[in-house]
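Asks: Residue numbers (our numbering), protein chains in the order written: chain R, 4 to 324; chain Y, 25 to 250.
FYI, nobody ran anything at the bench for these hints, they're computed from the structure. Any given hint might turn out to be false.
Stated by the list, open to error - Partial list, computed: chain R residues near chain Y (C-beta under 8 Å):
| # | residue |
| --- | --- |
| 1 | Val48 |
| 2 | Met52 |
| 3 | Met66 |
| 4 | Tyr135 |
| 5 | Pro139 |
| 6 | Ala229 |
| 7 | Glu233 |
Claimed, not checked - Label-pair restraints from in silico Cβ distances:
| # | chain 1 | residue 1 | chain 2 | residue 2 | range |
| --- | --- | --- | --- | --- | --- |
| 8 | R | Glu294 | Y | Asp182 | 52 to 58 Å |
| 9 | Y | Pro142 | R | Ser201 | 58 to 64 Å |
| 10 | R | Leu117 | Y | Lys219 | 55 to 61 Å |
| 11 | R | Thr8 | Y | Asp182 | 31 to 37 Å |
| 12 | Y | Asp101 | R | Gly88 | 33 to 39 Å |
Built from N, CA and C at the ideal position, the CB exists for glycine as well.
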Amino acid sequence: MIPITALETTANELMAKAAIEIPDDYLDGLRAAADVETGELSAFVLQAMLENYEAAKEDRRAMCADTGVPRWYVKIGNEARIEGGPVELEAALRRATAGATNSVPLRPNRVHPLWRTDHNNNCGINAPEIEYSFHPDADWVELTTVHKGGLFGSDYRMLFPGDGIDGIKKFFLDTLVAFGKRGLACQPAIVGIGIGGSKDTCMMLGKQAACLRTVGSHNPDPKIAALEDEFKELGNTIGMGAMGFMGSSMVVGCNIETGYCHTGGMPVSVHMFCLSSRRATARVLIDGRAEYRSDPQWFTDYMRRETVEWQPTSQPSRQSG
Amino acid sequence: MAANKPTLKTVRLTTPVEPADLAQLEIGNVVYLDGTIFTGREGVFKRAVHEGHGLPAPPEVIGNVNFHCSPAAARRDDGSYDIGAVTATASFRFAAWLDQWFEMSKCKVIIGKGGMTPDVYKKSFVPNEAVYLTTVGYGTGALLGRGIKAVKDVYWMDELGIAQAMWLFEVENFGPFLVESDLAGNSLFERENAKVAAGLDKVYEGLKPAIMSRYGETDDRKEELI
Ligand code: SF4
Numbered sequence: 004m005i006p007i008t009a010l011e012t013t014a015n016e017l018m019a020k021a022a023i024e025i026p027d028d029y030l031d032g033l034r035a036a037a038d039v040e041t042g043e044l045s046a047f048v049l050q051a052m053l054e055n056y057e058a059a060k061e062d063r064r065a066m067c068a069d070t071g072v073p074r075w076y077v078k079i080g081n082e083a084r085i086e087g088g089p090v091e092l093e094a095a096l097r098r099a100t101a102g103a104t105n106s107v108p109l110r111p112n113r114v115h116p117l118w119r120t121d122h123n124n125n126c127g128i129n130a131p132e133i134e135y136s137f138h139p140d141a142d143w144v145e146l147t148t149v150h151k152g153g154l155f156g157s158d159y160r161m162l163f164p165g166d167g168i169d170g171i172k173k174f175f176l177d178t179l180v181a182f183g184k185r186g187l188a189c190q191p192a193i194v195g196i197g198i199g200g201s202k203d204t205c206m207m208l209g210k211q212a213a214c215l216r217t218v219g220s221h222n223p224d225p226k227i228a229a230l231e232d233e234f235k236e237l238g239n240t241i242g243m244g245a246m247g248f249m250g251s252s253m254v255v256g257c258n259i260e261t262g263y264c265h266t267g268g269m270p271v272s273v274h275m276f277c278l279s280s281r282r283a284t285a286r287v288l289i290d291g292r293a294e295y296r297s298d299p300q301w302f303t304d305y306m307r308r309e310t311v312e313w314q315p316t317s318q319p320s321r322q323s324g
Numbered sequence: 025m026a027a028n029k030p031t032l033k034t035v036r037l038t039t040p041v042e043p044a045d046l047a048q049l050e051i052g053n054v055v056y057l058d059g060t061i062f063t064g065r066e067g068v069f070k071r072a073v074h075e076g077h078g079l080p081a082p083p084e085v086i087g088n089v090n091f092h093c094s095p096a097a098a099r100r101d102d103g104s105y106d107i108g109a110v111t112a113t114a115s116f117r118f119a120a121w122l123d124q125w126f127e128m129s130k131c132k133v134i135i136g137k138g139g140m141t142p143d144v145y146k147k148s149f150v151p152n153e154a155v156y157l158t159t160v161g162y163g164t165g166a167l168l169g170r171g172i173k174a175v176k177d178v179y180w181m182d183e184l185g186i187a188q189a190m191w192l193f194e195v196e197n198f199g200p201f202l203v204e205s206d207l208a209g210n211s212l213f214e215r216e217n218a219k220v221a222a223g224l225d226k227v228y229e230g231l232k233p234a235i236m237s238r239y240g241e242t243d244d245r246k247e248e249l250i
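Make the full structure from the sequences, and use the hints.
Replies: Right, here's the structure in full:
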């Protein structure tokens, strides 16, 4: 049985880590972008950002004051048992969200959509979001928090099969160009693209691709992996860099996730995880110990399974970023 | 990074700023500030302008530099504040309140995220002899948080809450910011937008048009969302 106090303590720690420490994969990606950036203004912005991450870590303060909307992704091992059950787990995650809002501190961004009222703790109706996935042959629980910022940079379109890859490229470019001007999307970003599924699944896949896969990771389908590289390249040849200034730093990484969709359509979503690509993960073991990491390893062979039955012998249940 | 170390002109200003300070600024210059600045976002503009409450303190107290932001902050037990990071919020949303805002606050520098449209600079900033500085990144919240030395006052905390209240900060070496609009109303973003737009047709070259167009979509890539 995993003790609930261990889950809550870990959740608190994750909230601070996400807000303060930029993940290494994003940092390396940004340094690589800075190395080849020739636009003077864009290069200046990247330099300031690199200094900002240092300042955040040194002072233990949030890297960006728009601390986004904290949310949770929970992966539960098939054999895991949680003290108090899922209801207690959700309560613990809500307490950690509220507690960290005050202790880090984070900005209490969450308000009622109509009355704009506020509990000053980032909790409220349907907030924070908690999403679940499961993992075979495991007795741990993995917690990931993502503090996604940015009102700008995500979009959805119902394309059609005839639009093909060209249609996706066009939509991708439209989104990056529109939201990249003035740097509204706070690029360079990790761009997540969701292709297929129902409308809501399509949005969810794209968002998870942006927020839960690391820079440099690839989709296991080699043809999709090639598209990820091609789209990254395409985004960086728009001519736009950080803050929309002339340059090449638009996309730090591009991650694509797919889902089977209606035969007549091809829904596509594009999401941009900003200069504050905030995420932190921990695996909480049965004895309550926590192992921290910055790669959520959210997408697994099990999650991407195509067949009716899961066949772990033919498809080992490895996790891949 | 060493290969392309930026060499932008950097200026350090003390608030309240003087007309001569602003006259030397050109778009694309880097600015750092020392002195007093006050914040404002939706809640403040709505209350001060729209609901007619005016400012909670006179210009002599709050100075003439207005920052479109709210901090990540928490109230300590002794009533003082712990300021974490500070980041600007997108300014174009506040354009409608600007004329009255300039009139009542007499502010000369507005700091925010993303700038305004060129029309707004011509119509509201130029006649009020004000410039616009944009934050950088825009995520340099920790650097800006370091520049805040003290919270001098907080107004309308009870009415508006932490995220919307009007904060008065004492700042030191507060920045970096970039000059987005100068006294003549030139805009850095406009200039850069035009340069980027010149190459866009080539980026799209060869891609076939979408099978279905949607209401509200545009194919004019020079258009902006704001
Ligand atoms: S989009 Fe990201 S970097 Fe930009 S202000 Fe929001 S959280 Fe900060």
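Asks: Hints first: check each against the structure and report whether it holds.
Replies: These are the hints, each one checked on the structure:
no., hint, in the structure
1, Val48, "5 Å, holds"
2, Met52, "5 Å, holds"
3, Met66, "5 Å, holds"
4, Tyr135, "29 Å, violated"
5, Pro139, "38 Å, violated"
6, Ala229, "18 Å, violated"
7, Glu233, "13 Å, violated"
8, R:Glu294 / Y:Asp182: 52 to 58 Å, "44 Å, violated"
9, Y:Pro142 / R:Ser201: 58 to 64 Å, "42 Å, violated"
10, R:Leu117 / Y:Lys219: 55 to 61 Å, "41 Å, violated"
11, R:Thr8 / Y:Asp182: 31 to 37 Å, "35 Å, holds"
12, Y:Asp101 / R:Gly88: 33 to 39 Å, "35 Å, holds"
The structure is inconsistent with the numbered hints 4, 5, 6, 7, 8, 9, 10, although it conforms to all the rest.
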